[in-house]
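Quick note: the sequence shown uses the numbering used here, first residue 288, plus one each step.
To be clear, the hints were calculated from the coordinates, so they are not data collected in a lab.
Be a bit skeptical, because a hint or two may be false.
With beta-carbon atoms standing in for the labels, derived distance ranges [unchecked claim]: (1) G602 - A728: 31 to 37 Å; (2) F608 - L507: 32 to 38 Å; (3) R553 - I647: 30 to 36 Å; (4) D394 - G346: 48 to 54 Å; (5) R313 - V358: 35 to 41 Å.
Note that the coordinates shown come from a computational prediction; the quantities given were computed from them, not determined experimentally.
Beta carbons: idealized from backbone N, C-alpha and C, even for Gly.
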Amino acid sequence: MAAKRKHPMLRRSQAMWVSRRVWQPRIVFWAGAISIGLISVLFAILADKAQALFHAVIGNGSGWRFYLPLVMTPLGFVLCAWLAHSIFPGSQGSGIPQAIAARHLRDDDDRGHILSLRLVVGKIALTVIGLFCGASIGREGPTVQVGASLMLQAARWGGMAQARGLILAGSAAGIAAAFNTPLAGIVFAIEEMGRAYESRTNGLVLTAVILAGLASLGLLGNYTYFGVARETVDFASDWPLVLACGIIGGGIGALFSLLALKAMRRIRRWNALQPLWRTLLVAGICGLAVAVIGFASGGLTFGTGYAQARGAIEGAPLPAFFFVEKFAAGLLSMVSGIPGGIFAPSLAVGAGLGSTLGLILGAGTGTAALLGMAGYFAGVVQAPMTAFVIILEMTGNHDNVIALMCAAVLGYGTARLISNEPLYHALSRVFMAEAIRRRRARDVDVPGSIASSKI
C-alpha cells in the first residue's frame, strides 16, 4: 500500500520548524539574553571587588593611607578619561544615552560607534577602574549599554532586522539583571528607553528580561538589592514627609540634571580646541575635587553609596549633610567624562536627603530614606514609574507602594516645573549629533576620493 501523502500545509509547517532560518535568530537571541545576565553578574562582582579594594587601600579613616585618594583619585580619573578618549570612544558617561541614541539612529555603522563588543569590554573595565579609584559612579547605567551592545551584536549574527526592538530588549535586560528587578527592567524600557514604545517589541523585551534574570538568579540566587525594608509609611502621620521628600527631592534632582547638562555643554565647547589635553585636565580637576569631598566626608562619598543607602533603609541615620556631599561627588564624577552611571549614587543622595528630612520631621529613618530615594531619583531622570518600581523591587516591601508612587510623582512634577529636558534624552542627542557629523564627513570624503581616482 502506498504511503499516505502529507498535506502541503503540514509539510510547510514541518519545514518551517526544522528550518535554520527560523531557529538561528531565536537561538542567537536567547544566547544574547543569557549572556547579558551572566556578564551583568561578572560586572557586579568586579565592581564590588574594586570598591572593597579601594577601601582596603585607604584604610579605616586614619593614618597616612587615608590621604592616598588625593593622588590616586585624580590620576585614576585621568587614566579613565584617556582610555575612553583614545581607545574606547563612546564609552563616556552613563551608557543609557548611548542606548537611547542608537535606537534613533538608522545607520548600522552609526550604531556601531556607540554599541559594540569593544565597548562592552571598555565600559566594564573603565567603570571598574573608576570605582577602584573612588569615583562616585555606579554600574547600572553601564550595564544598560553593555546589554544593548550584546543584543545588537546578536542581531547581526542572527540576521535579525529588528535592531531598534533588540536594543530596547537588551537595555531592559541590563537593568533587570543589574538590580534583580525584572519589572523595573520592563517599565524602564517603556518609560525611559522607549518614549514611543512599540507593542510588537513586547515579546522581545519580556523574553530578554526573563532569560537574563534567570541567568543572574542561577549564579547569585534570589535576592533584593537593598534587603527587605521593615518600616512602612503611615499616611496619617507621615504625609508631611511624603510631600517633603517628593517636592524637595524632585527639585534637587532637577537641579542635578540642570547643572550636569550646563557643565557638560560648556566643557564640550571648551574641549573642542584641544580635545585630548583639555579632556584630561577636566578629568584630573574633577578627580581631585571628588577626593577632597571624600576626605571631608570621612570616606562616605567614595564609590556607589550602596552601603550608606542600605544602612539608611535599615534605620541608621546618615550625617545631615551627606546628601549634599554625595550630590557634589556624583555631579563631578559625571561631568568629568569618565565612564560610570548615576543610578546608585542618585539613590544614595536620595537616601541621605530622606534621612535628613526624617530627622527634621521626626519620622523613621528607613521610611524617610525610601521616600527620599523615590522623589530624588524621579527628579533626576524624570521617569516616575521607573523610580517607584525599581525602589519597590529593590526593597521587597509592597506595603509602601502608594507612598512611593506619591513621592515619585511629586518629584517628577516638581522637576518638570524646573526643567522640561530629561537628562538621558538630552545627552542622547549629543551622541546622535556626533553620529550625524561623522556620517557627513564620511560622505564628503567618499565622493572626493572617487573624483581623484578618476583624474
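Each hint, compared with the structure:
1. G602 - A728: 31 to 37 Å: The hinted range 31 to 37 Å is violated for G602 and A728, with Cβ atoms some 57 Å apart.
2. F608 - L507: 32 to 38 Å: Distance hint for F608, L507 holds at roughly 34 Å.
3. R553 - I647: 30 to 36 Å: For R553 and I647 the Cβ distance comes to about 35 Å; the hint holds.
4. D394 - G346: 48 to 54 Å: 51 Å, holds
5. R313 - V358: 35 to 41 Å: Given about 52 Å between the Cβ atoms, the range is violated.
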